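There are 2 protein chains.
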Amino acid sequence: MDDFLIFDGAINSPEGYYASGVSGGIKKTGNLDIALIVSDPPAISSSVFTRNIVKGHSLLRSMKLTGRFPCSGIVVNSGNANACVGQDGNNDADEIAAIISEALSCRPENILTASTGIIGRRLPMDSIRGGLIKAISSLTGEVEGGHLAELAIMTTDTVPKESSVAFTAGGKKITLSGMAKGSGMIHPDMATMIAILTTDCNISQELLDLALKSVVDRSFNRISVDGDTSVCDMVTLLANGCAHNQQISDKGSRDYRKFLKALEIVSTDLAKSIASDGEGATKLIEIRVFNAKNKADALAVARAVAKSPLVKTAFFGEDANWGRILTAAGYSGAEFDPEKCEIRLGSISVYSEGKALQFSEAEAKDILKEHDITITIDLNAGDSDEIMWTCDFSYDYVKINGSYRT
Amino acid sequence: MDDFLIFDGAINSPEGYYASGVSGGIKKTGNLDIALIVSDPPAISSSVFTRNIVKGHSLLRSMKLTGRFPCSGIVVNSGNANACVGQDGNNDADEIAAIISEALSCRPENILTASTGIIGRRLPMDSIRGGLIKAISSLTGEVEGGHLAELAIMTTDTVPKESSVAFTAGGKKITLSGMAKGSGMIHPDMATMIAILTTDCNISQELLDLALKSVVDRSFNRISVDGDTSVCDMVTLLANGCAHNQQISDKGSRDYRKFLKALEIVSTDLAKSIASDGEGATKLIEIRVFNAKNKADALAVARAVAKSPLVKTAFFGEDANWGRILTAAGYSGAEFDPEKCEIRLGSISVYSEGKALQFSEAEAKDILKEHDITITIDLNAGDSDEIMWTCDFSYDYVKINGSYRT
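As given, the protein sequences belong to chains Z and A, one line each in that order.
Sequential numbering from 1 applies to the first sequence in the numbering used here.
Sequential numbering from 407 applies to the second sequence in the numbering used here.
Because the hints were derived from the structure by calculation, they are not lab data.
Computed from a prediction, not measured in an experiment: that's the story for all the values here.
We put the CB at the ideal spot given by N, CA and C, even for glycine.
Take these hints with a grain of salt, some might be off.
[To be verified] Covered, in the sense of this in silico footprint (three residues per stretch, anywhere, with C-beta under 8 Å from a C-beta of chain Z), are these stretches of chain A:
{"id": "1", "region": "433-447"}
{"id": "2", "region": "615-626"}
{"id": "3", "region": "710-723"}
{"id": "4", "region": "736-749"}
{"id": "5", "region": "795-802"}
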């Protein structure tokens, strides 16, 4: 069967995964701030990391280990990015892994680490040590534990972001789940995006890497909240083989295509959820670029529109301001003829052949009132398409990001 | 003498220039919206235009004429960008030039045109015709008329932007004046920046072009309000030779260096004034990048910091948030070692050698309370420096840009 069952799961829904979310005293509010995900048996792992040349210490540690050592678990803390604190930060990440690996009777290199939060402050290790012990004793295969793990990685997120899908490959039921945090670097420097994905699929390391790279490029790399790339962005995918399907190792196979599709469903769902829950966001805006000269041009136009503060504030104001969309496309660097391109807001064509079109402001207002809005830009310059998601820019974005660290 | 006298002048302060600013019924408020600047005798002209591939009709017309025909005058209207309205827009720009040229007994190609305002709406030519006649009859060499011309090109600007300097070359007194409008594309699509510069200097066309290009690159191209490049950005410099100095035609000459310096004084003054008066701005932020690997890297870092909504909202909140500055530098694409760079806010060093530094929050607060703030980023990666100016990002930016067109 070619069906994909999308269901309300959690990060520990696939076979062999256990999760917990506890308070380790990092957040002053007492909110959950340590998430632990464990795979028994150990999983293979693949990760994609921020391209920012400034990188957090927990992330740098994971960069050295992912894909090279079996992964027994991953610890994520929120509230502190463990970044820009010098050698202490490396030591703290090592100690966290050591505590967890000792409890799980594995080696420190089997434990991945991730952090998100304030930049430039040391982790409060005294209270974290106790938190880690609590996280281990709270591990569970129950979905409630998975939900707690998600809560423990959130910072200014207003809604949890979890997505699960099940499908069959080689006659076996495979489950793939993900959880993520967004979105906007925040009060004061919450280092944006972390996504953890788990699956019980049996798949080769090579194809796991290939699948993650290609799917991240068209999901997590297709969202923009404020254009800022954080020092802790990280997506990690674990696969532990507990579904006992015949290993997927041929990239031309139907099973690999199904795995890819399942990964895309979960990743796109999480990515859109991050954009939709961008700091202060009131709307999710989908930007579709059609018929660009090439892929790079299509993406350049989508990115320019997605990042333009003028476009984003106009949507916050529910203003059918296509001139700003055209202007952003015009400075994107893409080659196209403005006289030949068309812009649509929802189903309404507003600009075509170098001219503003007459349209009903009332009809436009109805479209702009919706939470989900689609902008279509047809460049008529080739046959490449791209899609991106962004949110609007509101008073609350300024409020959230303009507030004092202290 | 090497002195440059900076004085309170207007666009018609140099010899041989006349100006007026009138209401032509374009702005619903009845505010001034047509500026006319006339040079008698005709001037040579040089212009720099937006690199946006979408361009307004008035600007496209000027692109064909500047530097090729003597310039007797330039008409600038605000309130309507004359952009994206098809062939009608070209005809309207032609008609405006024809009305002015007939009154001045010159040819239409001796008149340059510029427009700034709403995109996608036709100019109200019926009322503009009357406005143009009024503009001609109001022409004056008095500084008050020059100030009115500046008022007539403003859109959401909150303060007029004028700058004048006098110096001597070849024993003659030379005056160079400028006026500009900013800053942020606005309600609904005020097409950002227009600057007009006038001088009575006698200078060759070749050096006029060279001077303008090099000075624009380090003044108007070094400011960022929201990162959006409009379809009507335009800087035009007129030189009519009325100072009767021996023509400046040698780029190695002392007189050319003095001209360049005077042009830089006026252009930088106007550019900083545009950044400082960015939409909703409460602060002017100067970003100094030192010791980059090369000029391109230095500029990339300055631009990334100047454009980051996270940096800009933090300054609005008077928050010493150096983590966002480092993060922006980190994703700028420039090559440097985060472990070797240093960040200073005003005189306070906040980050160095890969680590947050202890600093007095009270002292930082004092610096951040000021209107003018300097960020220094020393990359320690080479010997190239760059400088940019930007403003903070406030609630009012969202308010101004989120409001309805209608």
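Against the structure, the hints come out as follows:
{"no.": "1", "hint": "433-447", "in the structure": "violated (count 0)"}
{"no.": "2", "hint": "615-626", "in the structure": "violated (count 0)"}
{"no.": "3", "hint": "710-723", "in the structure": "holds (count 8)"}
{"no.": "4", "hint": "736-749", "in the structure": "holds (count 5)"}
{"no.": "5", "hint": "795-802", "in the structure": "holds (count 3)"}
Of the numbered hints given earlier, the model fails hints 1, 2; all others are met.
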